[in-house]
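Starting from the given sequences, assemble the full structure and let the hints guide the process.
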Amino acid sequence: MPRKILLVDDEAGFTELLKMNLERSGAFEVRIENDSTKAVAAAREFSPDAILLDVVMPEMDGGDVQAQLQANPLLARIPVVMLTALVDSTELSEGAVAQAGTQMVLPKPVNLPLLLRVLDEIAPAA
Amino acid sequence: MEEHSIVESVLDNLPVALFAKDATDDFRFILWNKKQEEVTTIRAEKALGKNDYHLFSQESADYFRSVDKAVIKRGSLMKVPEEIIETKNGREVHLRTVKIPVHDKESGRLLVVGISEDITEQVKSREQLERLNRHLVQANQELQQTQMQLIQAEKLESIGRLAAGVAHEVKNPLALLLLGVDYLSQGIEPDDPNVEKILQQMRDAVERADRIVRGLVDFSSQRSLSREPTQLSRVIDEVLLLVKHELTRSNTKVNVRIEKDLPLVFLDMSKFEQVLINLIINAVHAMAGVESKLIKIRARSESLEEVVKNQGARKREVFRSGDRVVILEIIDNGHGIAPSDANRLFDPFFTTKATGVGTGLGLSVARRIVELHGGELTLENREKDPGAVARLILPTKLETAKVRTVTGRVKTEETPKEIDTGPSDLTS
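Going down the list, the protein sequences come from chains A and B.
Its first residue numbered 1, the first sequence is counted upward by one per residue in the working numbering.
Its first residue numbered 1001, the second sequence is counted upward by one per residue in the working numbering.
Do not take every clue at face value.
[Unchecked claim] According to the in silico footprint, chain B covers these stretches of chain A (three or more CB under 8 Å from chain B):
| # | stretch |
| --- | --- |
| 1 | 10 to 18 |
| 2 | 33 to 41 |
[As the list claims (entries may be wrong)] Pairwise CB distance ranges, derived in the manner of DEER restraints:
| # | chain 1 | residue 1 | chain 2 | residue 2 | range |
| --- | --- | --- | --- | --- | --- |
| 3 | A | 23 | B | 1174 | 17 to 25 Å |
| 4 | B | 1149 | A | 23 | 49 to 57 Å |
| 5 | B | 1397 | A | 111 | 49 to 57 Å |
| 6 | B | 1300 | A | 26 | 24 to 32 Å |
| 7 | A | 113 | B | 1145 | 53 to 61 Å |
| 8 | B | 1190 | A | 23 | 16 to 24 Å |
| 9 | B | 1253 | A | 45 | 23 to 31 Å |
| 10 | B | 1234 | A | 35 | 28 to 36 Å |
| 11 | A | 26 | B | 1352 | 53 to 61 Å |
| 12 | A | 111 | B | 1159 | 28 to 36 Å |
| 13 | B | 1341 | A | 23 | 49 to 57 Å |
[Said to hold, decoys possible] A few chain A positions that, by computed beta-carbon distances, are all more than 12 Å from chain B:
| # | residue |
| --- | --- |
| 14 | 2 |
| 15 | 24 |
| 16 | 46 |
| 17 | 60 |
| 18 | 64 |
| 19 | 70 |
| 20 | 71 |
| 21 | 77 |
| 22 | 79 |
| 23 | 109 |
| 24 | 120 |
| 25 | 121 |
| 26 | 122 |
No lab work stands behind these hints: they were computed from the structure.
Glycine included, every Cβ here is placed at the ideal spot set by N, Cα and C.
Following this line, the structure appears as structure tokens:
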């Protein structure tokens, strides 16, 4: 059974390529959500093993999405990895990211081997 | 009273210097009035019966003689607009002289009669005026240079503010590129349908990153003001690219509506981008805490008459009747302008932002840039809805630009020069 990953990022090209990379080995099934306001609904529907969440997005940023996930007892347990291209580390700590209990923050551009290791750790294969 | 002394008395009291030379007797002076004594500081008794070579330097005498000979040869009056004689005490006297050939039939003598007006004071005040004017022109140039430096300084500040956002916008295509490389480097199956898609995405990503970086570099450039016919929509696109990150982060929507067939405007792209970035960032700040932040960008063209009717009569100063102008509005739905701030918005260093967020130079510089474009920038609250509108009125013709000229007469021998210190001449 491939592990299910929900990928929330408004960058359509980025999500498409990340999905291709993750699904290539057959180890993952990736669902893309480019509209962050639909992320929580997608998580409910898809019940992923892990969520990859962008930080800077229009409408709802990654911090807001994370807070809503945390507020929902069914979704709060799903491990979340934040992905961010923010260069200024202070912006990260200021945001909701740090307080929201995120397991991991990875910088963009994403180091794929590192991401795979992280996913193995937080959502190990059955 | 003798007739002779009446004539002498009249001649001596003339306000102009008068002399006569006998061309048939080696140009010796036969008439030398009081004013001529004053001007030359040579008494009549010393001058009469002598010629220029006895009284003046060789160089001056040569000059006087050549004019005298020319007068005789031409047989008509000659005007010397300005000549300088140096008196014995070393003082320079400037004269405006008329020389007339006179043929005395009775004696058969050929005379050169000269009438000279002392214009030394006039020349002095003219020179002083020229000097003052030169200072003024120089001061004006220095002021313009300082303004250009201020504009650049403010721009550097904007770049600092934009840099993090631009870096973020570049990192996204880089992230995409890296994923593409990761995928392709794992080996490619000949029939993998993803490959073509990935390559296209990578190509797009490179172009996107390039466009953003180029946009920032163009914006940073410090050039003299150079205005070119520009499509306003192009400037708006470039600017939105540079502020994209700020807009996304603050969750601000932008709605752009540009009238079809909008006339071209004469813009310096880089400086005008500075204005728009300023106004957009201001609008974003003014909407802090607002639920659904929206910036509307509207551009249309109107005749000047419509503008005057709709926006008030003060526009007359800048534009000429019959002109078409382009009106660009940046409308936010933020907190608007407090009445107490309305008069100070464009003052340098006036800011309502926290220390470190803004220096208060943005709007004053923006207005200056718009004025350099011959346009006008106003900022006021919206009439019905909450929020403010920044309105730019821009000429669609280059000539409409406000051009102030300073006339600088440089030297008498030269044609008066028009020194154009208008916008097109800013080359600091």
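The hints, checked one at a time:
1. Check on the stretch 10 to 18 of chain A: 7 of its residues sit with their Cβ under 8 Å from a Cβ of chain B, so the three-residue criterion for coverage holds.
2. Proximity of the stretch 33 to 41 of chain A to chain B, defined as three or more residues with a beta carbon under 8 Å from a beta carbon of that chain, is not established by the 0 residues found.
3. The given range of 17 to 25 Å is respected by residue 23 of chain A and residue 1174 of chain B, whose C-beta atoms sit roughly 22 Å from each other.
4. Restraint check, residue 1149 of chain B to residue 23 of chain A: a C-beta distance of roughly 56 Å satisfies the suggested window 49 to 57 Å.
5. Evaluation of the 49 to 57 Å hint for residue 1397 of chain B and residue 111 of chain A yields a pass: the beta carbon distance comes to about 56 Å.
6. Checked against the given bound of 24 to 32 Å, the beta carbons of residue 1300 of chain B and residue 26 of chain A, roughly 57 Å apart, lie outside it.
7. Distance hint check for residue 113 of chain A and residue 1145 of chain B: the Cβ-Cβ separation is about 55 Å, which falls inside the suggested range of 53 to 61 Å.
8. Roughly 19 Å separates the CB atoms of residue 1190 of chain B and residue 23 of chain A, a value that falls within the hinted 16 to 24 Å.
9. For the hinted restraint 23 to 31 Å between residue 1253 of chain B and residue 45 of chain A, the CB-CB distance of approximately 27 Å keeps it satisfied.
10. At roughly 29 Å, the beta carbons of residue 1234 of chain B and residue 35 of chain A sit within the given window of 28 to 36 Å.
11. The hint said 53 to 61 Å for the Cβ distance between residue 26 of chain A and residue 1352 of chain B, and at roughly 57 Å that hint holds.
12. Between residue 111 of chain A and residue 1159 of chain B the Cβ separation comes to about 30 Å, which falls inside the hinted range of 28 to 36 Å.
13. Look at residue 1341 of chain B against residue 23 of chain A: about 56 Å separates their beta carbons, and that is inside 49 to 57 Å.
14. A cut-off of 12 Å between C-beta atoms confirms that residue 2 of chain A is not in contact with chain B; the least separation is 17 Å.
15. The Cβ of residue 24 of chain A sits about 7 Å from the closest Cβ of chain B, inside the 12 Å cut-off, so the non-interface label is violated.
16. Non-interface status of residue 46 of chain A relative to chain B is upheld: no Cβ of that chain comes within 12 Å, the nearest being about 21 Å off.
17. A Cβ of chain B approaches the Cβ of residue 60 of chain A within 12 Å, the least distance being about 8 Å, so the stated non-interface status is violated.
18. In this structure residue 64 of chain A is not separated from chain B by more than 12 Å, as the shortest Cβ-Cβ distance comes to only about 9 Å.
19. Annotated as non-interface, residue 70 of chain A keeps its C-beta farther than 12 Å from every C-beta of chain B; the closest such distance is 20 Å.
20. With a least CB separation of 20 Å from chain B, residue 71 of chain A remains clear of the 12 Å interface cut-off, as annotated.
21. With a least CB separation of 28 Å from chain B, residue 77 of chain A remains clear of the 12 Å interface cut-off, as annotated.
22. Under the 12 Å C-beta cut-off, the non-interface status given to residue 79 of chain A relative to chain B holds; the minimum distance is some 21 Å.
23. Distance to chain B contradicts residue 109 of chain A as a non-interface residue, since its nearest Cβ pair spans about 4 Å, not more than 12 Å.
24. Its beta-carbon lying about 17 Å from the closest one in chain B, residue 120 of chain A satisfies the requirement of being farther than 12 Å from that chain.
25. For residue 121 of chain A, the condition that its CB be more than 12 Å from all CB atoms of chain B holds, with the nearest at approximately 19 Å.
26. At roughly 20 Å from the closest C-beta of chain B, the C-beta of residue 122 of chain A stays outside 12 Å, upholding its exclusion from the interface.
The structure is inconsistent with the numbered hints 2, 6, 15, 17, 18 and 23, although it conforms to all the rest.
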